[in-house]
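What follows is the residue order along each chain.
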Amino acid sequence: MLSEKIQKILLEVQKPGRYVGGELNSVIKNKDDVAVRYAFCFPDTYEIGMSHLGMKILYSVVNNRDDAWCERVFAPDNDMEEKMRENNIPLWALESGDSIKDFDLIGFTLQYELSFSNVLNMLDLAGVPLYSKDRPDLAPIVVAGGPCACNAEPMADFIDVFMLGDGEETTELLISLVKKHKELGSSKLDFLRDVATRKGFYVPAFYDVEYNEDGTISSVTAKETAPEKAEKAIVSDMDKAVYPEKFIVPSIEVVHDRVTAEIFRGCIRGCRFCQAGFLYRPIREKSPEVVEEQCKKLCETSGYDEISLCSLSTSDYTGLQPLLNSMLDWTTKEKINIALPSLRVDNFSDELMEKLAVVRRSSLTFAPEAGTQRLRDAINKNVTEADVMSTVDKAFAGGWTAVKLYFMIGLPTETLDDVAGIAQLGQKVVDEFYRLPDRPKGKGVQVSISASSFVPKPFTPFQWEPQDTQEMLAEKQEHLMASVTTKKIKISTHTTQTSFMEGVLARGDRRLAKVIELAWKKGCKFDSWDDQFRYDKWMEAFEEAGLDPKFYANRRRDFDEILPWDHLDYGISKKFLINENKKAHESITTPHCRIQCAGCGSNKLNGGKCDALSKA
Amino acid sequence: MRSVRLNFSKTGRAIYISHLDVNRMMTRAVRRAQLPMWYTEGFNPHPYIAFALPLSLGQSSDCEYMDIRIEGDMTNEEIMQRLNETLPEGLKILSVGAPVHDAKNIEKAQYFVKIVFANPEEASLFRDKAEELLQGEELMAEKPGKKGHRKIMKQVNLIDMIFDAKITCTDSFVNLQCVLAAGNTHNLNPTLLVETIENCVSLKHSQLHIVRKKIITKNNENFC
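Those protein sequences? They're chains R and A, same order as listed. Numbering-wise (the numbering used here), the first sequence opens with residue 1 and increments by one. Numbering-wise (the numbering used here), the second sequence opens with residue 1 and increments by one.
Treat the hints as calculated values from the structure; they're not laboratory data. One or more hints might be untrue.
[What the hints assert, rightly or not] Derived pair list, reagent style SDA-like, types lysine to any residue, alpha-carbon separation capped at 25 angstroms:
no., chain 1, residue 1, chain 2, residue 2
1, R, 296, A, 43
2, A, 213, R, 12
3, A, 92, R, 11
4, R, 443, A, 41
5, A, 114, R, 335
6, R, 490, R, 539
7, R, 29, A, 86
8, R, 15, A, 66
9, R, 5, A, 86
10, R, 296, A, 79
11, R, 8, A, 69
12, A, 114, A, 143
13, R, 335, A, 69
14, R, 246, A, 172
15, A, 114, R, 13
16, R, 83, A, 209
17, R, 56, A, 110
18, A, 218, A, 110
[What the hints assert, rightly or not] Here are the in silico distance ranges between beta carbons for each label pair:
no., chain 1, residue 1, chain 2, residue 2, range
19, R, 608, A, 36, 48 to 58 angstroms
20, A, 84, R, 334, 46 to 56 angstroms
21, A, 73, R, 334, 13 to 23 angstroms
22, A, 142, R, 443, 20 to 30 angstroms
23, A, 104, R, 443, 36 to 46 angstroms
24, R, 11, A, 76, 33 to 43 angstroms
25, R, 193, A, 11, 28 to 38 angstroms
26, R, 86, A, 54, 27 to 37 angstroms
27, A, 85, R, 193, 41 to 51 angstroms
28, R, 536, A, 11, 46 to 56 angstroms
29, R, 86, A, 171, 25 to 35 angstroms
30, A, 85, R, 424, 57 to 67 angstroms
All residues carry an ideal CB built from backbone N, CA and C; glycine is no exception.
Sequences are here, hints too, so could you generate the full structure?
In structure tokens, the structure reads:
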């Protein structure tokens, strides 16, 4: 229960419901009955963290065990942080209200690079030393996972153990190992030596990194028990993977407040800019029967009236039609809406659209990603203008009058003509609306174009590419605005400064730890919030650390350079990535994995199995 | 289709949930309880749920009221049992029945207020000042109000909105039992009353616990 001290400050902050716990389906245990206490930390606010599916899954994995208790922790907002520091209240976990510095495990999920400063701030608020080397004891062990663990190097000095890949089985193993070593009375080093030998774990302290004079890496050497390459873990059978029977139902409004069903992991498409499309390979589908059963159960236990069928490319799910047919029987009756995020324009069918509009009409979003065919081929989006047009035709005929289109600017090989192509494609969509005889009457059309800035990421064919400089991005943004001639098109873009910082951290090395610490000391946190991002403070931190951010963001790497993440193995072969990069520069596409296996190598992680091949 | 009025309490961790969020929680609770709800018609069908009088964030209450419309013949007892099985910590249905009063006829509400001060001297200073002020004709305070569509601060006389108030003091605590104007036309939040009195003697409480005990109609009947 919450201490008197905490209760006293709750009414002095905005939205105190974020800090009290007690939500439906949250798990309360007796701390004396469990061997391992785990603080699962999401380094952003409650509203964002509670929308995250991974946390819900891992919360179940741990709490399904009798010997462990997983509790949730989020980054307190600024007003709360001020009150906590003023009253000497260390960061607490929502379920018990206990301070997390006494927990056995503190785990962070790294969903985006710009949350790194929040990790430091939360450790500090908890009263836990920031650097791994300053925490000599077996408890607390600080672990981190999530997509950004694939290049964990900028955070390597702060985190004891990274968890690579799917977390279901590694979390289970982690809890068992912590329990075992607690019972044995092991030292932290003994524990790390054990963990480092297990698949899916990466102990950064067991790797020595040397640098050349030009700042590039000369060698990475494994020591102690660490393997030369730390391999990511995968769940081999999605039907058997742990999935929650209950979601915690937040008492206050959060960003994604609904049942989320994961229908498959991985992606068949191989878009060259997309990190998720490579990180989550190989393809593993969940069978429609299992998805439906899980959805039913979750709706019953949560009371939600919306289900999101979630994946990297939902219309590529082989079981989508039978799943929707079967689910609509009961969802319609119970006034439950089904949302399908991540649809593609090349397989959006009439039947699919009809099913989307059964209970409530949600918005339609498509992602052509680039404005011209040449550039779409270069990034391997494999979508044509005709695909876009036929999809919006169907949408307009089906009664939609607003569509959202996602694009990126700053893609490799992009020219100003490609940028203008975004506006032209938008214009064609507008024209298409007025050309249609059966368009919705009495309403205008609204095309919302979101043009984000491309950030090259590790484990993609573009991992060697220079990111466009801020000046180049700004010029392209202006060119895009100038190319639009109608009010029916709305354009939104990202600030170039945040994209630049994201780019630096995404492909950074271990030396950035100093920069992150300095920036945090200068007050940087919530960097992904435009209103809180302090570019000037970050630049000061680079200056003081004697490092050049452009070295990380805007430099082209040679194919034979040792990259900071080369000692991590995500199953994708470097040869494949190099080949894809070369094809991009020649605008040659690679067919998706169901047409022909591109040989990325990731099926080795699953004993040679990949559902893109077996379920073609 | 019939209307049903549910009386519920809001205590513990639930007091930090805003009125709007309680509304959303209840919408989900009736779904989980699988009550045969009557749905509104139109583009966005949703179950009909209406609340009598919003409660401020941070206050507890034994007298929250929510009206729902149900189809079919589920008994009041079953409605209550099903909901209580699925409501989160701090929300509890106390009784279920047919609505008697119209929410338009709500005039006032009774509150038990416990004010915690740093020491007994501050507490008795507050009590003495409060007793003096409440005897008087006028206790002015600023309240947010509207002039047309514009939001403005207005001066209001709190005395006009106090029907009854009893103050006692033990150690560092002050207990205030009061009946204050409540509803759409005039509404006095006990927090405003306490802080206005405090400002007159430059005091600031260290904790404030407010419980709404009753909602009362123009005819001096307990709202139900």
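Hints, one by one, checked against the model:
{"no.": "1", "hint": "296/R - 43/A", "in the structure": "24 angstroms, holds"}
{"no.": "2", "hint": "213/A - 12/R", "in the structure": "24 angstroms, holds"}
{"no.": "3", "hint": "92/A - 11/R", "in the structure": "22 angstroms, holds"}
{"no.": "4", "hint": "443/R - 41/A", "in the structure": "23 angstroms, holds"}
{"no.": "5", "hint": "114/A - 335/R", "in the structure": "45 angstroms, violated"}
{"no.": "6", "hint": "490/R - 539/R", "in the structure": "32 angstroms, violated"}
{"no.": "7", "hint": "29/R - 86/A", "in the structure": "19 angstroms, holds"}
{"no.": "8", "hint": "15/R - 66/A", "in the structure": "23 angstroms, holds"}
{"no.": "9", "hint": "5/R - 86/A", "in the structure": "30 angstroms, violated"}
{"no.": "10", "hint": "296/R - 79/A", "in the structure": "22 angstroms, holds"}
{"no.": "11", "hint": "8/R - 69/A", "in the structure": "39 angstroms, violated"}
{"no.": "12", "hint": "114/A - 143/A", "in the structure": "23 angstroms, holds"}
{"no.": "13", "hint": "335/R - 69/A", "in the structure": "16 angstroms, holds"}
{"no.": "14", "hint": "246/R - 172/A", "in the structure": "45 angstroms, violated"}
{"no.": "15", "hint": "114/A - 13/R", "in the structure": "21 angstroms, holds"}
{"no.": "16", "hint": "83/R - 209/A", "in the structure": "20 angstroms, holds"}
{"no.": "17", "hint": "56/R - 110/A", "in the structure": "42 angstroms, violated"}
{"no.": "18", "hint": "218/A - 110/A", "in the structure": "13 angstroms, holds"}
{"no.": "19", "hint": "608/R - 36/A: 48 to 58 angstroms", "in the structure": "53 angstroms, holds"}
{"no.": "20", "hint": "84/A - 334/R: 46 to 56 angstroms", "in the structure": "22 angstroms, violated"}
{"no.": "21", "hint": "73/A - 334/R: 13 to 23 angstroms", "in the structure": "20 angstroms, holds"}
{"no.": "22", "hint": "142/A - 443/R: 20 to 30 angstroms", "in the structure": "45 angstroms, violated"}
{"no.": "23", "hint": "104/A - 443/R: 36 to 46 angstroms", "in the structure": "38 angstroms, holds"}
{"no.": "24", "hint": "11/R - 76/A: 33 to 43 angstroms", "in the structure": "35 angstroms, holds"}
{"no.": "25", "hint": "193/R - 11/A: 28 to 38 angstroms", "in the structure": "50 angstroms, violated"}
{"no.": "26", "hint": "86/R - 54/A: 27 to 37 angstroms", "in the structure": "31 angstroms, holds"}
{"no.": "27", "hint": "85/A - 193/R: 41 to 51 angstroms", "in the structure": "49 angstroms, holds"}
{"no.": "28", "hint": "536/R - 11/A: 46 to 56 angstroms", "in the structure": "47 angstroms, holds"}
{"no.": "29", "hint": "86/R - 171/A: 25 to 35 angstroms", "in the structure": "26 angstroms, holds"}
{"no.": "30", "hint": "85/A - 424/R: 57 to 67 angstroms", "in the structure": "58 angstroms, holds"}
In this structure, the earlier hints numbered 5, 6, 9, 11, 14, 17, 20, 22, 25 are contradicted, and the remaining ones agree with it.
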